[in-house]
Each structure stands twice: as C-alpha cells, then as structure tokens.
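S.K.: Sequence:
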Amino acid sequence: MNVVHYVTRTYGHTATVVTSTLIANKLKLRSNAAIDIIISSVFDKADFKGAETTLAKEICHLNIIGKTSSLSEQVNIVKVCDDFHNDTSLLTLLKHRQFKLAIVDNIPLAECFASLAYKLALPYIYFGVLYDPVRMRIPFSPASTPFYHRFVLSDTMSFSERVHNVLTSIVMEIAPSYLVSITNIAKYTSNKSTITANQLTSKASFHLVETDFLIDYPKPTLPHIAFVGGISTQPSKRLSELFQTFMDSSVYGAVIVSLGSGLNGFPQERIDTFVKAFKRHTDLNFILKHGNSGYIDKNIMFSPWIPQNDLLGHPKTVAFMTHCGNNGQFEALYHGIPMIGFPLFSDQYYNCERMRQKVYGVVLEFCTFGVNDIEEALRNITTQKRYIRTIKNASTIFRGRSESPLQHASYWVDHIVRYGNKFVHSYSVDMPWYQYYLLDILMFVGMVLFAVVYTVYVLFDKWRYIYCRRNGNGLFNKIKRN
1 MNVVHYVTRT YGHTATVVTS TLIANKLKLR SNAAIDIIIS SVFDKADFKG AETTLAKEIC
61 HLNIIGKTSS LSEQVNIVKV CDDFHNDTSL LTLLKHRQFK LAIVDNIPLA ECFASLAYKL
121 ALPYIYFGVL YDPVRMRIPF SPASTPFYHR FVLSDTMSFS ERVHNVLTSI VMEIAPSYLV
181 SITNIAKYTS NKSTITANQL TSKASFHLVE TDFLIDYPKP TLPHIAFVGG ISTQPSKRLS
241 ELFQTFMDSS VYGAVIVSLG SGLNGFPQER IDTFVKAFKR HTDLNFILKH GNSGYIDKNI
301 MFSPWIPQND LLGHPKTVAF MTHCGNNGQF EALYHGIPMI GFPLFSDQYY NCERMRQKVY
361 GVVLEFCTFG VNDIEEALRN ITTQKRYIRT IKNASTIFRG RSESPLQHAS YWVDHIVRYG
421 NKFVHSYSVD MPWYQYYLLD ILMFVGMVLF AVVYTVYVLF DKWRYIYCRR NGNGLFNKIK
481 RN
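In terms of the UniProt record's numbering, the sequence shown is residues 1 to 482.
Misleading hints may appear alongside valid ones.
Pairs of lysine-lysine residues, derived as DSS-like cross-links and limited to a Cα-Cα distance of at most 25 Å, are as follows [claimed, not checked]: (1) 79 with 119; (2) 316 with 276; (3) 119 with 422.
Each pair of labels, with its calculated beta carbon distance range [as the list claims (entries may be wrong)]: (4) 425 with 275: 49 to 57 Å; (5) 407 with 304: 28 to 36 Å; (6) 432 with 187: 31 to 39 Å; (7) 432 with 372: 31 to 39 Å; (8) 372 with 418: 55 to 63 Å; (9) 368 with 36: 46 to 54 Å.
If you're looking for bench data, these hints aren't it; they were derived computationally from the structure. Beta carbons are placed, not taken as given, at the ideal position from N, Cα and C, and that holds for glycine.
All chains, full assembly: derive it from the sequences and hints.
M.R.: Structure (structure tokens):
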C-alpha cells in the first residue's frame, strides 16, 4: 500500500481501498484524508492467516504443488470470488463512485477482482510479484527466461529444463485458469462480452512488477511494464529500547530470523533444531520471529513481531534467515545483508534459487536441515567474503539510483490516471493468439512450401513419365528391327 499513500500525497489523487479489517487497522496508522478505507466482510471471512498456520503444520508432508493446492483449498478462493461479486452493497457503492483507475494485485486470485474492474469499464493496473510473459504478451525466449515461479529454474537452463520451460509456457497459454474459470468470469461480467483469465491479464492498462535485475534474472519487457522491485525498502529507523539493547549486546553480530507469519504452526522439532544451533554460537545474537510473547534466552530473543527492516539496517546485523519472501529479500538487498534461505512454498523456491545464483547467500531444505547444517551455513555466510562483497556491491547500485522503486511506481500510476496507456500500449496484447505466435504466418509458409514441393513432384513425375515413355518405345523398336 506504499504506492497508494505516496500517490495521494505526491500527486494529489484520492484513493479508495477495499480490504480486510486486519489490513485496515495497519493502514490507519499511516493513513491520510485522501484515502477512504472500505471494509469487506468477504475478506474478513477468508481466513488467510489460519490457512497459513494449517499449511505450516503439513509443510513437511507435501510437495511444491501440494502446498499450493492445500493453501487454495483452505482459503476456498472460488468461494471468496463468488461472495465478493455477490456483495451487492459493495458493488453498488463502487459503481456509483467515479473512479479513474483500479489497482489490482497480480496474484492468480486477482483475476476475480480484475473482472470487477472490467465489469465497471475501469482501466486497471496489475501490481505484484508475478512476471508472466505469456499473459503480458512480452516477446521472450523460454531458452533463457524462466517462465513459472513455482519451478526452480535459472536463466542458465539445461536441455531438459529448457524443454520443461517451453512446455510450461505452452500449457499456460492454452490452459484455462485453475483458480477462476472462464465460466465464473462470464458470470461475474454478464453485462460484458465473454473474456478469459489470460485476456484479463493482457488487457491491463499497465503492469507494475515487483522484481529487479539486481535480485532476479534479466528479463525482457515492454513499455507498458515497469519493474519496481523493492517498494517496501527504506532507511532503517531507531529501534525500541528492548531491541536496541539486545542488538548492541552481541559480541560478533546479530542474525535476524523470520520465516513468515506461519512459523508458529511449524513442527516444534524444526524450531528446536534452530534453537540448538543458535545456542552453539554464543558470539552471535539471534532474533527469532516466533512465539506469543517476547522473551530472551541467553543469546536468543523470541518475539511475535519484529521491525524487520530496521533490524536489517542495524550495523551489527550480519545475516538474515528467511523463507525468501519477495519483500524480505529486497530489504536484505537494500541493507546489504547476506541470506540463508528456507523456501516453504509457492515462489519462495524460485526466490531462494535466484538468491543462490546471485551469490547473496545459501539455501537449506527446511524439512531436513540439522544443527550442523545451520552451523555450516552461518560459518560460510559470516566468514566467506564473496557473499558479503557481492551483496554489498549490489546494495550500493540499488541505493545509488536517481529514483526509488516507490517513486517509479507512483509516477506510472499518476501517468495512467492522467493520460491513459495510449503511448505505452503494445498492439501485441490485442492480437489473437494465433497471430501473436505467428501461427497464421507459419501456416501460410507451410502451404507455400507444400505447394512448391507438390508442384516440383508433379513436374518431376510428368517428366519421368515422358522420359520413360520415349526411351521405352525407342528400345522396343530397336529390338524389333534386330
């Protein structure tokens, strides 16, 4: 929501945010008169936090796909979409307000909310971590551009990985959305012509993608797409007395441990392994985001909430243990802190792999790591200069830019509000899929080649017939005379 706050304050726009009570309470701490917050009971009923806790308990018994499916089942995304579009009071309220633009999260669930913008004939911006070159209609090569974030691929793929990447991109183009079907979208937008989930994405006026080549692989783009990774990054503020005293008391440095909001639901055996490893490193202090109340056990502080950005910016912080969430990675990049990654589900496997490829840290398997693995990872991160040197250099580049990601994103939001997307619009998003992939051209070329080959074959067959007939008759007459 940083973009919404910045746009209203800098460019003088007003905004309406439809959200849950939990998020609204957080927003009110930084809210201003230009932002109107509407609480949706649909979001309150959707127990996202409970779903994360349930998933955390099963985390070591599911594969990557199973984890995503489990989360979708717990939240019941289709029901959330149905309830949202059946909330007549909310829809009536939104319909009567003269909005100029909608900003929609670009996670797959967003197809549900983008369909509302489409229904209200509103231009909309997709905003989030998902980079989808197929649906965004970005010309890309699957030989060097990893397509799907749920698979651990880099930009240097083997033959089998390239085959996998190509097939995945084809499937994602022709397959319907597994979350919000075309039937549901047609039901939600009964007053409009039928549209698919892919078309909803491609029809967005603009895409703000939270990525950056400093932490991700270089990716092709178009004028209607801006890479704005690191929007949450900012200089660290002074810590509260409790955190400040604990950080300053460390001998060698401090390690920040945050594996997301679902850590309390993880198997206790995994937490105990962390604690055992931490107690062996008496020269380091550890702040672990875990537990229901803050307390300190020798060199370990447990806290249900931590000021993550401010802790990462503390001069004594030497490492960051993370589940490789996108925001956390960018905050570590901003402050130049090497990482130890523990991917749990979804795009976190991809994020951890890109971090390892960039030499910003190391990766451990959450469900199988032992005390010795933690010790070795900490030793490598804190003593091998290549990790520190690489991420410090990237941090210098990131912070040395003339425009911050927040300013860049806000500029484009204001631009689309004022001028629309006429000057950045690519015709590729309007083309039928068979034209975009040149299938009509390939078919034409194929038909021409077939016609040429067939003509040559017919001419050759005719020539062979005439040649054989002439030579055959000559030979027959010669034999007859003899």
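S.K.: State for each hint whether it applies.
M.R.: Each hint tested on the structure:
{"no.": "1", "hint": "79 with 119", "verdict": "holds, 19 Å"}
{"no.": "2", "hint": "316 with 276", "verdict": "holds, 22 Å"}
{"no.": "3", "hint": "119 with 422", "verdict": "holds, 21 Å"}
{"no.": "4", "hint": "425 with 275: 49 to 57 Å", "verdict": "holds, 55 Å"}
{"no.": "5", "hint": "407 with 304: 28 to 36 Å", "verdict": "holds, 33 Å"}
{"no.": "6", "hint": "432 with 187: 31 to 39 Å", "verdict": "violated, 24 Å"}
{"no.": "7", "hint": "432 with 372: 31 to 39 Å", "verdict": "violated, 57 Å"}
{"no.": "8", "hint": "372 with 418: 55 to 63 Å", "verdict": "holds, 58 Å"}
{"no.": "9", "hint": "368 with 36: 46 to 54 Å", "verdict": "holds, 48 Å"}
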